[in-house]
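Use these hints to put chain B onto chain A, whose structure you have.
Protein chains in written order, with my numbering: chain A, -11 to 182; chain B, 106 to 526.
Read the hints as simulated data drawn from the structure, not as lab findings. Ideal Cβ positions, reconstructed from N, Cα and C, are used throughout, including at glycine. Treat the hints loosely; a few may be bogus.
Claimed, not checked - Straight line, CA to CA, 27 Å or less: simulated DSSO-like cross-link-like pairs of lysine-lysine:
#1 Lys156/B x Lys126/A
#2 Lys109/B x Lys126/A
#3 Lys451/B x Lys437/B
#4 Lys311/B x Lys156/B
#5 Lys112/B x Lys153/A
#6 Lys281/B x Lys441/B
#7 Lys437/B x Lys426/B
#8 Lys451/B x Lys430/B
#9 Lys112/B x Lys126/A
#10 Lys430/B x Lys153/A
#11 Lys112/B x Lys156/B
Unchecked claim - Over the 12 Å line for every Cβ pair with chain B, so calculated as not near, a few chain A residues:
#12 Gln(-8)
#13 Gln9
#14 Lys167
Residues per chain, in single letters:
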Amino acid sequence: MTNQARHEITELLRAWRDGDQEALEKLTPRVYRELHQAAARCMRSERDDHTLQTTALINELYLRITALRGIDWQSRAHFFALCARQMRRILTDEARARQSHKRGGGLRPLPLDVAPLVSSRSHPEVLALDDALNALEKVDPRKSQVVELRFFGGLSVQETAEVLKVSPDTVTRDWTLAKAWLLRELSQGQVDGT
Amino acid sequence: MEPKRWKRIESIFHAALRAEEGGRAAIVEHSCAGDESLRREVESLLAHHEKAASFIETPAFLTAGPDHAPDMQQQSTGAPIPVGTVIGQYRVIEQIGGGGMGVVYKAEDNKLGRLVALKFLPHDVATDVAAVERFQREARAASALNHPNICTIYDIEEYSGGHFIAMEYLEGLTLKDRILGRALDSEEVAKIGIQIAEALAAAHSKRMVHRDIKPGNVVVSATGFVKVLDFGLAKLIAAEGEDAATKSITATHTVSGTLPYMSPEQLRGREVDHRTDVYALGIVLYEMSTARRPFISELIPELIDEILNSPPPPPLEMNRKLPPKLEEIVLKCLEKDPEDRYQSAKEIAVDLRRMTARSATSVRLLPGRERRWLRCSSWRWVGWRFVRCFSVPAIRSRFCRSLMNRRMHRGTTLVTVSPKE
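With the rest of the complex left out, here is chain B:
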């Protein structure tokens, strides 16, 4: 192509993009001034521009996670399943997402009259025996996990040559949407953190490592109930004494995950165990507490450098309101050496509970003799003086009770998470 003509195409293309969508056709028409082939060229580029939003936006060597799924992946998932399609006992209602390992639809289970989510294996991988195996392994692995904080798998089925998983339909926001640039208060951080830690502890006890814990894989319901999703990368940790043949299926030294949440050992392609999830939970706790991740370099090699070598900036510097204990917990999760981290997810849950229980305990002292805790906060002190000096005892006790209830409620809801929504 002549350089001059190409320059012209380029300038009309950008002029059209700068205009409002409605005015584009007129600009192209006008600029091409009757040159039909020029107009066709520009229009076809503009049409492809519309489809190219996320095309090759993910660098070639960045592991694809649901956060990074490029358009081409979407395009290759086969034709979307039309609304109303009946597949066995399920009727498709709408598409609700597409991730690294398939498209997800909301559907109704006609037999049991409940909503379900159907996760389909992308069409072009349906022929890939290994991918099908991985998909089934995910389903089996996750279905073996029976825990209120882990999304329940109901079934694996086939549909027109492909496979899908029927799973619990969840309402709520992903933690990613919940954070959206705003730090959560520390009680909420603890409440969500405890539930993720419990889910992980359950998985770890079945020798499963999630390996892709991140806010996008955690759904929080309106009532604050947490579900961990997508055990797509989960692999069984090879049990000691297993023979080589079994180990080849359960090998854990693979590198996959979502870069900003990957642990140093994961990045190094080393053996990964449950402490990698401990690390990722640390990043999630950090992000909830400060509204940002500890390592934020945009340049991938530098991001990796930070993950491997830089200490995370203290969360307290980002959020002055953070309880120091929470900072301590987060930083312990984020130790570079797995040996220095919490050795189990359970311990994180215990520490988070202890942290919140501490504030609840101090409230329990309220009706006691000393009430020294009141002095730590001037408004409380003023309030208390007011109650003591000017109110009748009935009002006083009501005030205490309500204050106490409020504090207790905050403290105890963290530990009494209902298994039902």
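Okay, chain A solo, but in the shape it has when bound:
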């Protein structure tokens, strides 16, 4: 990331913190692009495309965040939330691309291996989780967000609570129920063969 890009992201984040919603709209694609490019860059030098590349992603995430030092925790929490959302998108986009490649879609698989959740398994699993999360969002948006922050963003209970402005107990309860709900949703999918 160039200094300018880093600076831009920092500025946009400040603006977003100060209530500028447009800043968020500008920030989102930048974060996505940065994360995605980082993953792709990392894979270009990698021939064994079956190896996990997930830590490269975290590392890139980290690099984004070091650009934000000196920014208050609130903004950082929001930045993590944003990264969590983008990470989810990257992983599902990747899974979709691989799947369509498998079906003869002719798409070259993106040079990015997905999460351990699917590291040794099928890409449909990430997609299934994504679908299940979307379904959960319809039932209970906050629970879906808790999962997004914790699973895709790697946030702790405390941090998730900060982002969502609820108590850590609430996050723990949401997390417990959301996990049971999602696992049920996923196993039903398996039974149905979907």
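For chain B alone, kept in the frame of chain A given last:
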């Protein structure tokens, strides 16, 4: 679903979880008050809650190591092999573990009458050619390593379309269980550290890097004998002059491992060489010496920040009893720049030995003229005065001998590790 109904499901679900397991059914029954579909909904969620203990607990982008294997991984390993199943010459006794790369069973080798561990490739990856290749590569790589401190691989075989590795069955605790929040004394740290370093030196001499050294991958027997396990992530370091085709198989610039033990260069996705193992051994030595890892942030990006940028807190601050030399060794392993670390695992073993030999040497001086060392510790001095002034020479020499033996024993067991249990 109606928000009101969902709220009700939620509150009954949590009320049931707060109750003792035996009382849950009654709570659900009572709270649902004859609403059958509500009861079914809550019960199915509770049933899935039971299975969801580690489900998605590992963040999506965290590398899966055996420490982090989520439930879904377990579930996808295929049906467990029933006790008593005979596979070729092996009879399965029990399941003893499941890691990132497969489930492990204890079994008996009927031909040779010994216990073995069988590590199975997960069913759903058995069809993945690359995963099978990686599994076989692990077996071949590890079987080429013939060292008393490395778990021996006996065989790679097939079973109902899948593959498994037969390996040495080890009794003992993993180092992770051995530490469990309690620092080991420095002699034990050295004793275990030397053996891990020797194992790594042997692997490095065959151009293999382990890349996932952590307490969970080290087994310590009751007698203190160490075995390093799981060369699952090991890759051959490309030899100089190898052609491109070979290099593609042996490429080393991949990022995988277990996050808190990963070296800065590993995290950066850079070329990884044997000095990454030196670093990880440094973390393990640190953890043995202080009962904690140097970098402990719970937030992943911050943990990465610490690994990349923060100096490790001096181990002596965590454990005042630590010999300064041990701290020096640990910190040298943990240098951020591989160039500043020990350049070989052998050097770590040498320094650890030297450290322990030093105390043994000072004991050897005991019967000598000066005995100046006694003054460094008041109780020893008092003891010595007592022996000198009030005891007959026979008792005195026996006292010296026993003191010396004890010290010598402590010192020398560190270097005379028996290759047999």
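Verification of the hints:
1. Of the pairs offered as hints, the one joining Lys156/B and Lys126/A holds, with about 24 Å between alpha carbons and a cut-off of 27 Å not exceeded.
2. For the hint pairing Lys109/B with Lys126/A, the CA-to-CA distance comes to about 14 Å; that is within 27 Å, so the pair holds.
3. Taking the CA atoms of Lys451/B and Lys437/B, the gap is about 14 Å. The hint holds against a cut of 27 Å.
4. Note on Lys311/B and Lys156/B: the hinted pairing is violated, with a Cα-Cα distance of about 43 Å set against a maximum of 27 Å.
5. A C-alpha spacing of about 19 Å is found between Lys112/B and Lys153/A, which places the hinted pair at or below 27 Å, so the restraint holds.
6. In summary, the hint linking Lys281/B to Lys441/B is supported, as the alpha carbons are separated by about 24 Å, within the 27 Å threshold.
7. Between Lys437/B and Lys426/B, the direct Cα distance comes to roughly 19 Å. Compliance with the 27 Å bound is thereby established for this hinted pair.
8. Proposed proximity of Lys451/B and Lys430/B is supported: the alpha carbons are some 17 Å apart, at most 27 Å.
9. Simply put, Lys112/B and Lys126/A have alpha-carbon atoms about 14 Å apart, close enough for the 27 Å limit, and the pair holds.
10. Of the pairs offered as hints, the one joining Lys430/B and Lys153/A is violated, with about 48 Å between alpha carbons and a cut-off of 27 Å exceeded.
11. A distance of roughly 23 Å separates the Cα atoms of Lys112/B and Lys156/B; the hinted pair therefore holds under the 27 Å criterion.
12. Under the 12 Å C-beta cut-off, the non-interface status given to Gln(-8)/A relative to chain B holds; the minimum distance is some 22 Å.
13. Every beta carbon of chain B lies more than 12 Å from that of Gln9/A, the smallest distance being close to 25 Å; the non-interface claim holds.
14. The beta carbon of Lys167/A sits about 4 Å from the closest Cβ of chain B, which is not more than 12 Å, so the claim that it is off the interface is violated.
In summary, the numbered hints that this structure violates are 4, 10 and 14.
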